[in-house]
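Based on these hints, arrange chains B and C on the given structure of chain A.
Residue numbers (my numbering), protein chains in the order written: chain A, 2 to 284; chain B, 30 to 375; chain C, 4 to 316.
Simulated from the structure, these hints should not be mistaken for laboratory data. Among the clues, some could well be false.
[Said to hold, decoys possible] Derived Cβ-Cβ restraints for the label pairs, each shown as a range:
| hint | chain 1 | residue 1 | chain 2 | residue 2 | range |
| --- | --- | --- | --- | --- | --- |
| 1 | C | 126 | A | 47 | 20 to 30 angstroms |
| 2 | B | 316 | A | 47 | 46 to 56 angstroms |
| 3 | C | 128 | A | 83 | 32 to 42 angstroms |
| 4 | C | 161 | B | 164 | 19 to 29 angstroms |
| 5 | B | 263 | A | 48 | 43 to 53 angstroms |
| 6 | A | 63 | B | 360 | 32 to 42 angstroms |
| 7 | A | 48 | B | 142 | 31 to 41 angstroms |
| 8 | A | 48 | B | 343 | 26 to 36 angstroms |
| 9 | B | 316 | C | 163 | 52 to 62 angstroms |
| 10 | A | 63 | B | 356 | 31 to 41 angstroms |
Predicted model only: the values in this text are computed from it and were never measured. Built from N, CA and C at the ideal position, the CB exists for glycine as well.
Take a look at the letters that make up each chain.
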Amino acid sequence: MNTTTTSLYRRRKRLNQLVMAACLVATGIGFLFLFAILFTLVSKGVGSISLSIFTERTRMTGGGLGNAIWGTLVMTCVATVIGTIVGVAAGTWLAEYGGKRKMAKVIRFINDVLLSAPSIIVGLFIYAVVVVPMGNFSAWAGVLSLTVIIVPVVIRSTEDMMQLIPNSLREAAAALGAHRWWIIVRVCYSGARAGIMTGILLGFARISGETAPLLFTSLNSNQWNFFQLNNEMANLPMTIYQNMTINSFIPDLVSLAWAGALILTAAILILNIAARYFSRQRS
Amino acid sequence: MLKQVLATLISGSLVVAVGAQAQDTITGAGATFPYPVYSQWADAYQDETGTGLNYQAIGSGGGIQQITAKTVTFGASDAPMTKEELDENGLMQWPMVMGGVVAAFHIDGFDGESLNLDGETLADIYLGNISNWNDEAIAELNPDVELPDARITPVYRAEGSGTNFLFTNYLSKVSQDFADTVGEGKSVAWPAGVGAKANAGVASQIGSTNGAIGYVEYAYAAQNELSLIHLENSDGNVVEPSMESFMAAASNAEWDDAPGMYLVLTDQPGADSWPITGASFILMHKEAQDAEASRRALEFFDWAYANGNEMAQSLDYVPMPDNVADMVRESWSEIQGSNGDAVWQQ
Amino acid sequence: MATTNTAEKGSGLGHLSEAMQKRLRRKAQIDVGFERVLFGFAFAVLLLLGAIIASLIVSSWPALQRYGVDFFTENRWAANVEVFGALPAIYGTLLTSIIAIVIAVPISFGIAIFLTERCPGFLRQPLSTLIELLAGIPSIIYGMWGMEVLAPLLRTWFPDVFPAGTGLATAGIILAVMIIPFITAVSRDVINTVPSVMRESAYGLGCTTWEVARQVILPSVKGGLVGGVVLGLGRALGETMAVTFVIGNNLFLNPTLTGQGTSIAALIANQFSESDGTQRSALLALGLILFLITFAVLAFARYLLRNSTGRHA
Numbered sequence: 002m003n004t005t006t007t008s009l010y011r012r013r014k015r016l017n018q019l020v021m022a023a024c025l026v027a028t029g030i031g032f033l034f035l036f037a038i039l040f041t042l043v044s045k046g047v048g049s050i051s052l053s054i055f056t057e058r059t060r061m062t063g064g065g066l067g068n069a070i071w072g073t074l075v076m077t078c079v080a081t082v083i084g085t086i087v088g089v090a091a092g093t094w095l096a097e098y099g100g101k102r103k104m105a106k107v108i109r110f111i112n113d114v115l116l117s118a119p120s121i122i123v124g125l126f127i128y129a130v131v132v133v134p135m136g137n138f139s140a141w142a143g144v145l146s147l148t149v150i151i152v153p154v155v156i157r158s159t160e161d162m163m164q165l166i167p168n169s170l171r172e173a174a175a176a177l178g179a180h181r182w183w184i185i186v187r188v189c190y191s192g193a194r195a196g197i198m199t200g201i202l203l204g205f206a207r208i209s210g211e212t213a214p215l216l217f218t219s220l221n222s223n224q225w226n227f228f229q230l231n232n233e234m235a236n237l238p239m240t241i242y243q244n245m246t247i248n249s250f251i252p253d254l255v256s257l258a259w260a261g262a263l264i265l266t267a268a269i270l271i272l273n274i275a276a277r278y279f280s281r282q283r284s
Numbered sequence: 030m031l032k033q034v035l036a037t038l039i040s041g042s043l044v045v046a047v048g049a050q051a052q053d054t055i056t057g058a059g060a061t062f063p064y065p066v067y068s069q070w071a072d073a074y075q076d077e078t079g080t081g082l083n084y085q086a087i088g089s090g091g092g093i094q095q096i097t098a099k100t101v102t103f104g105a106s107d108a109p110m111t112k113e114e115l116d117e118n119g120l121m122q123w124p125m126v127m128g129g130v131v132a133a134f135h136i137d138g139f140d141g142e143s144l145n146l147d148g149e150t151l152a153d154i155y156l157g158n159i160s161n162w163n164d165e166a167i168a169e170l171n172p173d174v175e176l177p178d179a180r181i182t183p184v185y186r187a188e189g190s191g192t193n194f195l196f197t198n199y200l201s202k203v204s205q206d207f208a209d210t211v212g213e214g215k216s217v218a219w220p221a222g223v224g225a226k227a228n229a230g231v232a233s234q235i236g237s238t239n240g241a242i243g244y245v246e247y248a249y250a251a252q253n254e255l256s257l258i259h260l261e262n263s264d265g266n267v268v269e270p271s272m273e274s275f276m277a278a279a280s281n282a283e284w285d286d287a288p289g290m291y292l293v294l295t296d297q298p299g300a301d302s303w304p305i306t307g308a309s310f311i312l313m314h315k316e317a318q319d320a321e322a323s324r325r326a327l328e329f330f331d332w333a334y335a336n337g338n339e340m341a342q343s344l345d346y347v348p349m350p351d352n353v354a355d356m357v358r359e360s361w362s363e364i365q366g367s368n369g370d371a372v373w374q375q
Numbered sequence: 004m005a006t007t008n009t010a011e012k013g014s015g016l017g018h019l020s021e022a023m024q025k026r027l028r029r030k031a032q033i034d035v036g037f038e039r040v041l042f043g044f045a046f047a048v049l050l051l052l053g054a055i056i057a058s059l060i061v062s063s064w065p066a067l068q069r070y071g072v073d074f075f076t077e078n079r080w081a082a083n084v085e086v087f088g089a090l091p092a093i094y095g096t097l098l099t100s101i102i103a104i105v106i107a108v109p110i111s112f113g114i115a116i117f118l119t120e121r122c123p124g125f126l127r128q129p130l131s132t133l134i135e136l137l138a139g140i141p142s143i144i145y146g147m148w149g150m151e152v153l154a155p156l157l158r159t160w161f162p163d164v165f166p167a168g169t170g171l172a173t174a175g176i177i178l179a180v181m182i183i184p185f186i187t188a189v190s191r192d193v194i195n196t197v198p199s200v201m202r203e204s205a206y207g208l209g210c211t212t213w214e215v216a217r218q219v220i221l222p223s224v225k226g227g228l229v230g231g232v233v234l235g236l237g238r239a240l241g242e243t244m245a246v247t248f249v250i251g252n253n254l255f256l257n258p259t260l261t262g263q264g265t266s267i268a269a270l271i272a273n274q275f276s277e278s279d280g281t282q283r284s285a286l287l288a289l290g291l292i293l294f295l296i297t298f299a300v301l302a303f304a305r306y307l308l309r310n311s312t313g314r315h316a
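Chain A on its own, in the form it takes in the complex (with noise of 0.2 angstroms):
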């Protein structure tokens, strides 16, 4: 009795060890990729960083990412900038007044497709209801279709901090006769602020790096186009795509692609925590 008892005891345990072995080995492995990438990155795109990236513009021969990290600039920040508009505006309806109603769990529902859906089918999308018919690539393609991405991020994070707001507060300003919408702009967004700030940085980050949905919208250039939105925009993603597939022959294009690379990873690491920030103010 009293064998079996340890040795079922030492089955269970060395069971344990083994499973716990095994977790231990798979954050070793998933750790050892991510890790491996960050340093490719850095040791590839370390080396060619400096001043005269940001100043000139893309060239075959020497020049820089300039143009294509301000294009990238004004596009996330136009699209960020409508998105927060409509993706706010559609997640307060859902939280403050869409409820249990069908249509608000239609709208959940569809918003929640929007926001897995692949980014390359917004490219088409956009092609398709912008491009074609403005007659040519341009900086506002590019930016309507990083708003189709943004915007169900920003109404998913609206609608979740809306939600944390408890409903005492609502109900003590209503009685203190404040009208709904007042009680919405004033109470609930003071209250929410944090949160959907750090929804709206999160997909700002997102978009940044986006690079399937400019390829048949934005395009690229190799010009400086500061604000004309009418015309091809250079950008970021789309730079470092040609310099790594048909700029690949020009050893300097190539470390181009990894310098940009880097930047653009570390402003997306840096948004990132920049978002965790703005969420810890709020607890």
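Frame of chain A, contents of chains B and C only:
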């Protein structure tokens, strides 16, 4: 404080923006085959005149597609359009530069300089019928070479391209089997092998894969120091790919006899002709939508014909002979603005 | 969320002055207008999805009509002879995603269990944060890494299996690396929702860590975990940039694991800009198929997630 900084920044960048917009940009899109030389010309032209050229190498098919849809001022393609296709879309075309497509290979431990192949064997390799380097068909063509036992990995272009067109056009001319099963085109389905992106991707895939064979524009092969296949041409001579053999093939071209300048230069006669030679074409609308933009583009091409030969040769392209350039310049009178005047004058 | 509307039902306002009533009514109108505007934006989301689906259907119709069933049975995608078979791309899309899931799920669950159950306290927060940060790396970076690092490694280590380094399996591995942070983050969140009382009581009964994980935690969050995995699958299915560099781009149906193939997204990325006419329509039909596949997968994931613990993006 912050507001002031912002205001300064914004007004500053506006000034820069206005300055930058003053020098208008020419936009073009298309073939990747001439992309290096067009881009070199563009950089030099911008340094000299201030007019920028944004050439997006999205593939020959893309070039035709974009110029037909009028999303760009000019399109570029390695596969010419026929006279009928041109007329249908109100387009005209002319050759801008010529070059050769070469077959390159890489076998670990193979110390020979090159291998000889004929068109039919090359087609069989790409059809997957010949899958080892020590195959009898290859051995017969290379009696003095000891061929290694290595699997052949054909490498091809993943996206639609004029390089594909020239290569498949040649293989279809020399192998009926290939013409029936794969056929010629900018984008074909290959029965065997690996697809890589762009000429550069194919070149690096060949360089890093044991037993690989692939086709690239000559400049890319030279850049990657790949071993080159010597091909048997239509006269039955085995020729080495080089500037001379491309020129020999190009010398057959009679541009003034070709309606719409439709001319494919593969499998040309001549003792020294390289069999896979081709010209890269520029496509523009005869009825200029934006006369000013068309004029700027033509000025650039005029400049390139006059000043670009050296740059082209340093990148292993064959520049167009002067008489052809003059002929092309004359044909530009067909490009007219809405008022019926030619947009460009000599 | 429904707060009762602040009292402005006409009858209760009788004792107020005329001007006051007017003001209240105007404010009520603002209220109604406010809701309408917000609803308009929310409704726009619906319209957007409708427009995407409609534009895909309309533009893919010519190809679907012309090829009909052949579109799903032809074994090659040959634009030059206008033979368009979706099978190679569908096969590649599904296979790469399945490979990715098979690799990523055990690793992600392992990391998640380690992080929640076994990780020393001082490491837990930094590692979790790191995982979440890594989930934000743009997919093109994974593609570049696959092309420049992974493919050459596979080529040197297993020259017989990966003579060229690229192929469906390579693409699957890259996708796995890409979705590991994502699935891990979701699983960790889901596991963390298990009340610690449940854990503690199981430990109190003498259970080992594995037994707690296996018999207490997993059963209570099964739906959430599967939902997270399916969401990861959805990402893998639609991924373009991470795949297109390394998949090998063979347009014939090759029933292989490690050989070259293509996926829907990669094929669109490679051919769309140069296509016209039937080819363009056929590519859009592929896009529609991809959308429907991800739609189905997502619907399934949402269903599972809704039925378990809360909501996770």
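Going down the list of hints, with the structure as the test:
For the pair residue 126(C) and residue 47(A), the supplied restraint of 20 to 30 angstroms holds, since their beta-carbon distance comes to about 27 angstroms. At roughly 52 angstroms, the beta carbons of residue 316(B) and residue 47(A) sit within the given window of 46 to 56 angstroms. The hint said 32 to 42 angstroms for the Cβ distance between residue 128(C) and residue 83(A), and at roughly 35 angstroms that hint holds. Roughly 25 angstroms separates the CB atoms of residue 161(C) and residue 164(B), a value that falls within the hinted 19 to 29 angstroms.
In this structure the supplied range 43 to 53 angstroms holds for residue 263(B) paired with residue 48(A), their Cβ-Cβ distance being about 49 angstroms. Range check, residue 63(A) to residue 360(B): about 36 angstroms between beta-carbon atoms, so the 32 to 42 angstroms window is met. At roughly 35 angstroms, the beta carbons of residue 48(A) and residue 142(B) sit within the given window of 31 to 41 angstroms. Checked against the hint of 26 to 36 angstroms, the pair residue 48(A) and residue 343(B) passes, with Cβ atoms roughly 27 angstroms apart.
In this structure the supplied range 52 to 62 angstroms holds for residue 316(B) paired with residue 163(C), their Cβ-Cβ distance being about 59 angstroms. Checked against the given bound of 31 to 41 angstroms, the beta carbons of residue 63(A) and residue 356(B), roughly 36 angstroms apart, stay inside it.
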